[in-house]
Amino acid sequence: MNRFILSRILQAVPTLWVIATLTFFMTRFAPGGPFDAEKTIPEEIKVKLHSHFGLDLPLFDQYLLYLKNLLQGDLGPSFKYPGWEVSELIGSAFPVSLTLGLLSLCIALLIGLPAGIIAALRQNTWLDYLPMSLSMAGICLPSFVLGPMLIFAFSTQLGLFPPLGWYGATDWVLPSLTLGFFYAAYVARLTRAGMLETLKLDYIRTARAKGASDWRIIFGHALRGGLLPVVTFLGPAFAGLISGSFVIETIFFIPGLGKFFVTAAFNRDYTMVLGTVLFYATLILMLNLLVDLLQAVLDPKSRSSS
Amino acid sequence: MYSHRLNNLLLWPASLALWFLLHGCTQPTNVEIALDEQILHFGLGAEPQHLDPHLATSVAAHNILSALLEGLVGEDPKTLKPVPGVAHRWEKSADGLTYLFFLREQAKWSNGDSVTAHDFVYSFRRILNPSLGAQYASMLHPIKNAKIYHAGEKSWDESKVGARALNDHLLEIVLEYPIPYFLELLNHYSWFPVHRPTIEQHDAYARMGTAWTRPGNFVGNGPFSLTSHRINSVIETRRNEFYWDADKVRLQGIHFYPIESVDTEERAYRSGFLHLTQSVSADRIDYLKEKYPGELHCEPYLGTYFYRFNLQSPPFDDLRIRRALSLSINRERLVDKVLKGGQLPATTFTPPGTGGFFPTPKFPYDPQLARQLLMEYLDEKGLERLPPIELTYNTSEGHKKVAEALHGMWKDTLGVEIRLLNMEWKVFLSTISRGEFSLARAGWIGDYMDPHTFLQMWRSGDGLNMTGWSNQSYDAALARAETSVSPEERMDHFQTCEDLLATEVPILPLYFYVHLTLRHPSVKGWHPTLLDHHPYKHVYLATEDEQ
Amino acid sequence: MTQLSIEGLKVHFHTREGIVQAVDGIDLQIEPGEIVGLVGESGSGKSVTCNAVLRLLPLPPARFENGKIFWQNRDLLQGSEVAMQSIRGKEISMIFQDPMSSLNPYLPVLDQVAEPLVIHGMASLEEAKTRAREMLLRVGVTRVAENPRAYPHEFSGGMRQRAMIAMALITQPSLLLADEPTTALDVSVQAKVLTLLKELCTDLGVGILFVSHDLGLVAELANRVVVMYRGKIVEQNDTRSLFAAPKHPYVKALIACRPTLETTLNRLPTVEEFLSENQDNLQNEEIPAASLDTSDEILLEVNKVVVEFHSKSATVRAVDQVSLSIRKGSTHGLVGESGSGKTTLGRAFLHLIKPASGEILLRGEMVDWGNTSQRMNFRKSMQIIFQDPYASLNPRLTVEQALTEPMLVHRIGKDSVERTDRAVSLLEEVGLSSQHLRRYPHEFSGGQRQRICVARALATEPEFIVCDECVSAMDVSVQAQVLNLLRALQASRGLTYLFISHDLGVVKFMSDQISVMQSGQILETGSPEELYRKPKNEYTRQLLEAIPSANRSANF
Amino acid sequence: MSRETSSSLGREAWRRLRSNRMAMIGLWALACFSLLSIFGPLISAFSYDQQNLDRVFEGPGVEHWFGTDNLGRDLFARVTHGGRISLAVGLLATLVSLVIGVSYGMISGYTGGRIDAWMMRFVDVLYSLPFTIFVILLMVLFGRNFLLLFLAIGAVEWLTMARITRAQTMHLKKAEFIEAARALGYSHGRILFRHLLPNLIGPIIVYATLTIPAVMLLEAVLSFLGLGIQAPMSSWGSLIKEGAEKMDAAPWLLFFPGTFFCLTLFALNFVGDGLRDALDPKTSKD
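Residue numbers (this note's numbering), protein chains in the order written: chain A, 1 to 306; chain B, 307 to 853; chain C, 854 to 1409; chain D, 1410 to 1695.
The shape of chain A in the complex, shown without the other chains:
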């Protein structure tokens, strides 16, 4: 097992290197630079700025320098906020996004799993149609519509939750709901499909022949197999969840990571673009590994083969 994890981590290194290289050159070839502004900067000051950030070196030297720093774990200073290190900015925003992501995941699972299970058990009744239609709506309802709608209902009208901010537990509710709803929709669909598939299997019949109750059949036997596709989906989805959502952070004024992902590109904040991209890639690779491990826990067969 340890060897497996180690080899996966070693495999990730070249992938990350390719990502870093491509991103580095892509950002540099995009028009506009980090210091372009409506009030044009005098040439001599631009030269000064460039030399401060090492942009005056030949591009390939910059690249080598970046890699060298990267190997030492240094992501460099942000171009947009020169007083701050990229790693510091990501480090301060990540806990926020992590909290939001985990809460949304909880909501997605708390809504999605029961909805999917019920829909599967009551296939082709209103208990199937209603959650499945809602989930279709959840998939096609963009968060920039859902967010303001939830704010209007729960904040403006009912006054239950604050419409923005990230200060206390009550602030967490609406953004997590907004973010979680989309995933809940997916989870519900996948759970339903997985459960329907599993409930057809022979071993469910075996369990029934033993005299197991419905409850026992679902939770003791069917759920584990039925959840495998959900777990597979949740790996990459979770990376998306905890790397922040620009739209939701903007709507709810949350100091999360998503903003850096989007604005870094617009600001041509080279180091920040690279930092966020590498962070995200690492996250994905790690979560894929985690999913494989989790699958091994859920599925004894893959456990012994890996």
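Calculated from the structure, these hints are not laboratory results.
No experiment lies behind these values; they were computed from the predicted model shown.
Heads up, the beta-carbon is just placed ideally off N, CA and C, and yes, glycines get one too.
Take the hints with a grain of salt, since some may be wrong.
[Stated by the list, open to error] Derived list of chain B stretches under chain D, where covered just means 3 residues or more per stretch with a C-beta under 8 Å from a C-beta of chain D:
hint	region
1	542–548
2	634–645
3	660–668
4	699–706
5	723–730
[Unchecked claim] Simulated restraints on C-beta separations:
hint	chain 1	residue 1	chain 2	residue 2	range
6	B	PRO503	A	ASP56	45 to 55 Å
7	A	ALA137	B	THR385	50 to 60 Å
8	B	PRO673	D	GLY1468	30 to 40 Å
9	A	ALA137	D	ILE1610	25 to 35 Å
10	A	SER92	B	ALA785	16 to 26 Å
11	B	SER776	D	ARG1553	29 to 39 Å
12	D	ILE1610	B	THR335	51 to 61 Å
13	D	VAL1471	B	THR335	56 to 66 Å
14	C	ASP1268	D	ARG1553	21 to 31 Å
15	B	GLY522	D	PHE1555	51 to 61 Å
[Said to hold, decoys possible] Which stretches of chain D does chain A cover? Using the computed rule of at least three CB atoms under 8 Å from a CB of chain A, they are:
hint	region
16	1436–1443
17	1503–1512
Chains B, C and D: place on chain A using the hints.
Leaving out everything else, chains B, C and D in the frame of chain A:
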């Protein structure tokens, strides 16, 4: 097939929701608490890039720095006229070239150190130091020989820069040429002092991006001091007890929130999270006027919204087409029906009242003449109709709306087809600066209260010109305005410049900005000003009845 | 006292295609401790009957139209679901056909075996596990002693079925419903499991309803045999009498059409022939020894073929230094149990799996795989028929497309018209007709599908065909038809077969030469008679002994 | 193989589709939306870009059926005009991503081994690259080409498609009919596209119906970067985005485009499910 007990599963989410219902009880809002606490909750609009006054470049930075630092002079909260700041009085020589500032002895840094004339000289030297690469260093170029030092060829002493500390509390500044608005200039953050030991401790004299501006490190001399800074979340300041005029400061602190989305900011305001918003979505004006009649403020602002023509390529190399496009814009209607924020139609480039300058309105609306000019042009070129014109703008709802409205006006009056091209901001900037446009959106916010901040950019070959327009009479008039001592004469020269812009039409002024804001009635001592400066030491929070 | 009494049971399936009368009014009684065999082919309603007793049928589409099932004088069809749950696994237990899929792959075997005790409140969890362990040891699943957290996939099929038996009997029920419990197992394993089942049930006094398609197997076990055909019971009698004097023609056919080790007929009788009025065809010639017309020419030769599979942890040698030569026009049988490497060897013959080493010579020549025309020629001459005719036909191609495509690829026939004509004649050759051209595989029965597979294999006009367990999944009656077809084609086209099967009777019926495989190696090769009369190898002897006696000879 | 058989295949599928009630409702709804998008702008008295600054933000009424927007433009004309673009972009771009993703995934899964590993690493890499920068670079290289819109959308959406297809292919390639095809000497291309592809159609269609809404919204994001629809033209994505900003002051600006959008997706979903069943010969006749 399966028993009904499964329906219990439905109770899960329901009970969770109930839990939140019970716990999500309403708490008093920021604005309600603030009446006791005297904390101003301020919508900042954007996260400031720097909190270093010598490197800062944004309005957001100004809003914070004017709380943390104080220049030689202060501003009158209503007129923005210079009032005593760190200097309790000053003297100006008869030729208008030499200023003596008498610094008050009570002026202190937030760590208790005295603010001295040496601090100011040190600060001027720092911003002008070419190694720092300060963008706004040119703001200090009016100081004698500052330009020479800034060019980097000579040392400070060799350059003989005209700023000297005569003693700890007496500062002499000698100017290159007389500047009528010199004292107003001093309120720009590039003139603010920095605390020498702090700068040296962080080796920030010639380096950007050091940690000296972090809370705990920052030492300022303003009415407030920095207590916390979380990127994209909040910047908190607290009353500075060492401030010389601390007795007058009634606010206990100001919290700045960099909320970028106007919609979110509006929701924040409406829920009592903010006292002030940085701006208001143009589409919401009607709605807010109705709902919050006394709280929506449209205040004139020192800025012009305009389009640039590219004179280097047809059809805008021809004056008639430029004029025709200008003449067929109904600016009144644009302002009243589309923008609706109380903006003023721009019939000059410089906003009226800038430093006492009231230019004569030009740029009329005359569709008849516009059509005639277009016909003439088409006949001469033997064209059936004008080929479609590309209008480039950076992506934003507001810019799109204006562009769409003009698209309609030109189509209706001239039958000219306009193609709108939106671009991402940085791509837009690089496209425009390379001259790859024919008609492009632009905006200009004045840095100080003088027409010069507007009119200088149309000088031939100026980095900000970018239209390809060059006019010797304009250059000459501008040069004369820069050196003349008499205010009346200056205004005459500026008027000449304005006239030339109106006859040559290298640009298309559309409207003058307003500062649209929602402001809570409990905010007192806050007055509309052209530069949107609001000296915080006069601001306090009170309910309607207590004054 | 009759323990279980089924009276006039009718179960219909309401599907979109219409109503299927799966069980059409049957009466059946089982006395305490009695072992009853329920025999029938697929679709006869035997499994439905079995599942109906425990109400495990999916409702809908299934529906109880009529009838009663009395269990100790209670009508099981009337009780509530909860009441039913208390009978399932406690009073009546059930074991299923496929031990691979019937155990929950996500739970340890021990826990699953213990579960019925827990469900019915007969023991605490700890106690249940202890008892489950004892039970598992008793049925011979010793592995749980080493590793109580072993999961089903760590066990072989036989061990899993033993575990299933342990699970079914742990509550000491009064009746065990066994639905084809040994069908998926190898012969040697099957024999052991049957013995175990019989011993245990006798010890514990458990009655068994043993459902199977294999009459011979049932004869080993049951006191009484019930034969079902198309939802009805056609005959029931005590085992000896039934075999001695079958009355119903269907039962007669079932006994006759299965090739046994004693079968010496040229072609097998089929059920249709028995059921039709005209039974003249049944007069069959015996094959005179060595009468088959085989030349001495060697068509295919393999030398020291090795096939290896690489997994992350280890390399497995599935075929280990196998050498064989097959004469043109003959059938070479390959017998072995699952995992012996016989299927892999068959695939390696066709280069569907690349051998790690060794050579495969067609007409004495090596095939150069880099050479397109040689490769295509090889593919054209060598074909394969798989075990599962359903999986081996692309479900989205019509019969016509499936048959004409190989011709197109190998440039047989000059245009689509000619190819379609050829497809028709191929269909006719395998006993189908041109009206089947436009249909999809799923519209055919298993036997018909296998005929289509045969036709497709013939489309390239091959000389050599690998028949990989090609009748193993079929009912005996269908099996007889397909075997007859293969023999007829061999006679008319002079085909050469490699016939792979685990069923010794079938292999003997088909082959001129037989090789026995175990663990990737060929243990012995010889003529069928030699092999069956005087097996040289110990393993071959074991294999032969494991065959139920009724299947060794037709005369029980 | 012959034209006759393939057309009968289509006829057969069509016959099955017709018997699926939900799919037919979906199909009719789609037809209605398409017709409305094609002819709506023609029957409307207003053009999508015709402004009337005196009649801004009017609610739905007799003259302006769906009301007017911030420049007094008729929302009905804008919604139907936007439908043309959104439907075209949604379907075409999804098609592009399907073609790329399915081919890539099939080849990767079918080939297996080291090539498969490399191909999937490549997908991993693309997943992580910054999309904004990528689109900006595309525009720099190729200019503002309308075709680029499809390329850009295809470039993101195919990744997931490729993964799904690969997983299915790896599962299917072990099927005996694929082995039979190899034994029959079929070329890899033939096996991939004639034997594997039709059997992958189910999951592909289901995923495609989920991709279309994502694509329609992505179009709005791309137009932010200047790629795609230029003002004053409209698309459902951009109308919804604008409508969401004015939700409480002028709810109809969100309601109408939102309703069209959602109903289209529901319809597509039903048609997708129906199509999957219809293309599967195993589903029963009735």
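Hint check:
| no. | hint | verdict |
| --- | --- | --- |
| 1 | 542–548 | violated (count 0) |
| 2 | 634–645 | holds (count 3) |
| 3 | 660–668 | violated (count 0) |
| 4 | 699–706 | holds (count 3) |
| 5 | 723–730 | holds (count 6) |
| 6 | B/PRO503 <-> A/ASP56: 45 to 55 Å | 32 Å, violated |
| 7 | A/ALA137 <-> B/THR385: 50 to 60 Å | 57 Å, holds |
| 8 | B/PRO673 <-> D/GLY1468: 30 to 40 Å | 32 Å, holds |
| 9 | A/ALA137 <-> D/ILE1610: 25 to 35 Å | 26 Å, holds |
| 10 | A/SER92 <-> B/ALA785: 16 to 26 Å | 50 Å, violated |
| 11 | B/SER776 <-> D/ARG1553: 29 to 39 Å | 31 Å, holds |
| 12 | D/ILE1610 <-> B/THR335: 51 to 61 Å | 56 Å, holds |
| 13 | D/VAL1471 <-> B/THR335: 56 to 66 Å | 43 Å, violated |
| 14 | C/ASP1268 <-> D/ARG1553: 21 to 31 Å | 50 Å, violated |
| 15 | B/GLY522 <-> D/PHE1555: 51 to 61 Å | 54 Å, holds |
| 16 | 1436–1443 | violated (count 0) |
| 17 | 1503–1512 | violated (count 0) |
The structure fails to meet hints 1, 3, 6, 10, 13, 14, 16, 17 from the earlier list, while all remaining hints are met.
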